[in-house]
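*Asks:* If you're matching them up, the sequences are chains A and B in order.
Quick note: the first sequence uses this note's numbering, first residue 1, plus one each step.
Quick note: the second sequence uses this note's numbering, first residue 1, plus one each step.
Among these hints, one or two may not hold up.
No distinction is drawn between identical chains; accordingly, a pair holds when it is met within one copy or between any pair of copies.
Calculated cross-link-like contacts (lysine-lysine; reagent style PhoX-like; alpha-carbon spacing at most 20 Å) [as the list claims (entries may be wrong)]:
(1) K233 x K457
(2) K4 x K322
(3) K489 x K234
Since the hints were derived computationally from the structure, they do not count as laboratory data.
Protein chains: 2
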Amino acid sequence: MSKKVTPKSIDHSKWYTDIILKAELADYGPVKGTMVIKPYGYSIWTLIKESIDLKLKKTGHSNAYFPLFIPKSFLSKEAEHVEGFAKECAVITHHRLKTDPNSNDLIVDPDSKLEEEVIVRPTSETVIWSMYKKWIQSYRDLPILLNQWANVVRWEMRTRLFLRTTEFLWQEGHTAHSNEIEAKKEAIDILNLYKDVSENIMAIPVLTGIKSEAEKFAGAEITYCIESMMGDKKALQAGTSHYLGQNFAKAFDVKFQTKNNKEDYVYATSWGVSTRLIGSAIMVHGDDKGLRLPPKIAPHQIVIIPIGKSDDDVKKILNFFKEHIKNFKDSGLRVLIDDREDLSPGFKFNEWEMKGVPIRIEVGFRDLNNDQVTIARRDTNKKEVVSISKVNERIHNLIDEIQISLFEQALDFMNSNIFEVNSYEEFKKLMSENKGFIKCGWDGNSKTELIIKEETKATIRCIPFEQNIKNKKCIFSGKPAKFEVIFAKSY
Amino acid sequence: MSKKVTPKSIDHSKWYTDIILKAELADYGPVKGTMVIKPYGYSIWTLIKESIDLKLKKTGHSNAYFPLFIPKSFLSKEAEHVEGFAKECAVITHHRLKTDPNSNDLIVDPDSKLEEEVIVRPTSETVIWSMYKKWIQSYRDLPILLNQWANVVRWEMRTRLFLRTTEFLWQEGHTAHSNEIEAKKEAIDILNLYKDVSENIMAIPVLTGIKSEAEKFAGAEITYCIESMMGDKKALQAGTSHYLGQNFAKAFDVKFQTKNNKEDYVYATSWGVSTRLIGSAIMVHGDDKGLRLPPKIAPHQIVIIPIGKSDDDVKKILNFFKEHIKNFKDSGLRVLIDDREDLSPGFKFNEWEMKGVPIRIEVGFRDLNNDQVTIARRDTNKKEVVSISKVNERIHNLIDEIQISLFEQALDFMNSNIFEVNSYEEFKKLMSENKGFIKCGWDGNSKTELIIKEETKATIRCIPFEQNIKNKKCIFSGKPAKFEVIFAKSY
Chain A
1 MSKKVTPKSI DHSKWYTDII LKAELADYGP VKGTMVIKPY GYSIWTLIKE
51 SIDLKLKKTG HSNAYFPLFI PKSFLSKEAE HVEGFAKECA VITHHRLKTD
101 PNSNDLIVDP DSKLEEEVIV RPTSETVIWS MYKKWIQSYR DLPILLNQWA
151 NVVRWEMRTR LFLRTTEFLW QEGHTAHSNE IEAKKEAIDI LNLYKDVSEN
201 IMAIPVLTGI KSEAEKFAGA EITYCIESMM GDKKALQAGT SHYLGQNFAK
251 AFDVKFQTKN NKEDYVYATS WGVSTRLIGS AIMVHGDDKG LRLPPKIAPH
301 QIVIIPIGKS DDDVKKILNF FKEHIKNFKD SGLRVLIDDR EDLSPGFKFN
351 EWEMKGVPIR IEVGFRDLNN DQVTIARRDT NKKEVVSISK VNERIHNLID
401 EIQISLFEQA LDFMNSNIFE VNSYEEFKKL MSENKGFIKC GWDGNSKTEL
451 IIKEETKATI RCIPFEQNIK NKKCIFSGKP AKFEVIFAKS Y
Chain B
1 MSKKVTPKSI DHSKWYTDII LKAELADYGP VKGTMVIKPY GYSIWTLIKE
51 SIDLKLKKTG HSNAYFPLFI PKSFLSKEAE HVEGFAKECA VITHHRLKTD
101 PNSNDLIVDP DSKLEEEVIV RPTSETVIWS MYKKWIQSYR DLPILLNQWA
151 NVVRWEMRTR LFLRTTEFLW QEGHTAHSNE IEAKKEAIDI LNLYKDVSEN
201 IMAIPVLTGI KSEAEKFAGA EITYCIESMM GDKKALQAGT SHYLGQNFAK
251 AFDVKFQTKN NKEDYVYATS WGVSTRLIGS AIMVHGDDKG LRLPPKIAPH
301 QIVIIPIGKS DDDVKKILNF FKEHIKNFKD SGLRVLIDDR EDLSPGFKFN
351 EWEMKGVPIR IEVGFRDLNN DQVTIARRDT NKKEVVSISK VNERIHNLID
401 EIQISLFEQA LDFMNSNIFE VNSYEEFKKL MSENKGFIKC GWDGNSKTEL
451 IIKEETKATI RCIPFEQNIK NKKCIFSGKP AKFEVIFAKS Y
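Chain A on its own, in the form it takes in the complex (with noise of 0.2 Å):
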């Protein structure tokens, strides 16, 4: 297999796949549309997760765990739910496999069906409010606010490696109140968590706002998301949040005695992110020499490369350099000496930039006599020479310095690539050309929505929060537009 990846301006999918699993952060598995996640890829996964688990903590969650397992008519209970997740679902039919006496083949034990089916969960709305149905009795019990770390299925068709996979691990978050306002406000909550991790975890800027009719999540009243711009100018869904209303409550008959002595149903909020967010890494930092990593997220902050002809060379590079690599380690960085011996440093340096870590430092010998080693920065491929007196004091820099310069650039290029258009063939034009998002007016009418997707393959991708209608016209209708929406394609 060749160390380069395709071009991503020859080809953004082949660019993209080649990254995976040249930089061995995935595999396919042998079911159809499933992933192995090798050992680097969880890394960052595992970082990303600790950051979303504190935060959460920190806002008075805590996690349990649900079963996999749901009977296949708790899906039929919430109306929209089960429209838009029966499609996709996994089902369990039998429980044990035996050996068929005539062909000695394993099959499947005809007298192990079960009676009601079983479906493997897609989100766990249903099992979790049947389970809320006998923990909530009374105010008192609430709120109860829980999150898990689990894998959900949903059996989609055209897959792609951490975007859109049979199977995919992500957290749930599902929350029940005794009134709107709190849930809205811990739905709103958890969108701004998100946008912090997503901003100031993985340095990727993204919009908020709520999601059309259309494009919300079945079951919900509100859906509120964060929408980043990927290298290729399409969109990335990469969480959302939802304001569930009495809906769940409603289909599991979860009620609960007020203070005043009332009864009301409890409401609801449900919310996810996935790993889905390693694929909106690679696309929104990737170069064409692999990964780039912001900090916060990299398995290896720092590779250090001793560049010396001999073991001896290597062990006295390595010593000289020792205490330093000491402080590195005690300040919580992570830190990778890569003293493999029979690869060059040439291979060396493609491998980690492939991988993306962040900062590699050279030390050869002509820096030992010059006390000095040899920084290379991945975000800006730039190398500068620092003297070893300063080398402590310029990483921890450095460290801050890329994971800002990777959220600029991305922010710079997301921002650049916003359009505003003022009439439908322009915005058809950009959109064929694939040139962005586009912000516009918008009736408010689900089928411009869906004429629209159908003639640019342009969808809603939200409804920024921010909203500024005064004059404005729907870009398709004419009519007085009723929200400012952002249209893009869409992952």
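Put chain B on the given structure of chain A with help from the hints.
*Replies:* For chain B alone, kept in the frame of chain A given last:
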């Protein structure tokens, strides 16, 4: 629901379930045999998990994630493996539901039948070795030391919370090596890691050894195990580590080029511990007041209960104690302040005793005036009054003392309930009275083992590493003993 549990001595099984429900560790899921792990139970699991994860990383293992779904045909590739797992497989046969146009019911869409059925992983050897086939070509690719934290499914008929559920959470390690010695060393190193976690983190003493042919893992050459004694003197298999030889490499045709340019099949291990460990912690340490948690796996190591008549009193008390609470937290202790209003101190005492919090600190007005607090330890249920100037030191010592005292109580209990017997009559008598473990000679014959199992329900829990068969005879056949073994009834 009464706040008291059924006494252990009256009905051990009911006592066990009572604790799980009343301490809010878990609940029953809607699909038969499934379990919901509630936040308190999940926090215990997280502490166990973190401790294992850290030790695995320190010994060179990385985490990865392999798919939940396995093609049915994979299972048949290893003859013993299929034998062991075919009988309890959740089988996915379809990937879509639809609304029946006649009945309006949600039904399985017959058009979505899968060409090949998919099973939900009961364990991941097959899917992982299908990937290792792609990843391993040369000795340079070895060893591979991977672990995954995942859910697995075994369709069990008789289930019990934590001990045996259709779905459970676990870690499963899967390693690949270039030779037998290294692979066997890995399997034993992991067994020692499990022993370390069980004894030093969970305060549960274990016996270690190997499994008999009848009891070993389906597909293993050797199964090493840790076995612990529950409060009812039954045995629980708490963790297993398997040397798989070349079985899975042969089943999936995973060969590698050796250093000497020859070809060989890869050598393997696999190993796992599960949420079952929580069940063992309950059964080893629990008493009639509820759980007793070793400090290292206690979500709250200390609960502070201010005893005042008004909010104002409570504020004053907490204020008085503020500095100490800060000190506890700063030194890494997990502290909870229970300042809930409208609940009596007695109610709170019972609740935290049920939940097994190792240390309770009571601070009332009298204490405030006397510069002292009352400390209650859950392991002995004893109280002591400590002067405020010494409370910090005392708490830190107590954390260690309780961890050790729980281990020693369990060790004494286990040691005093392992018996050596001289006749099969004596063996049967002890077993019928559920007296504990029996250490005796065995002729190594599987038939002997089977008859003993049928007649007494006892199985060979392990063949201890330390053997002393000089002049020993098989307890059943009277033939010279091939091994000294531990027999017990088990979970």
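*Asks:* Could you place K489 and K234 in one of the four classes (within, between, both, neither) given a Cα distance threshold of 20 Å?
*Replies:* within (5 Å within a copy, 62 Å between copies)
*Asks:* Within a copy, between copies, both or neither: which one fits K233 and K457 at a CA-CA cutoff of 20 Å?
*Replies:* within (14 Å within a copy, 67 Å between copies)
*Asks:* At 20 Å max between alpha carbons, let me know whether K4 reaches K322 within a copy, between copies, both or neither.
*Replies:* neither (33 Å within a copy, 60 Å between copies)
In summary, the one numbered hint that this structure violates is 2.
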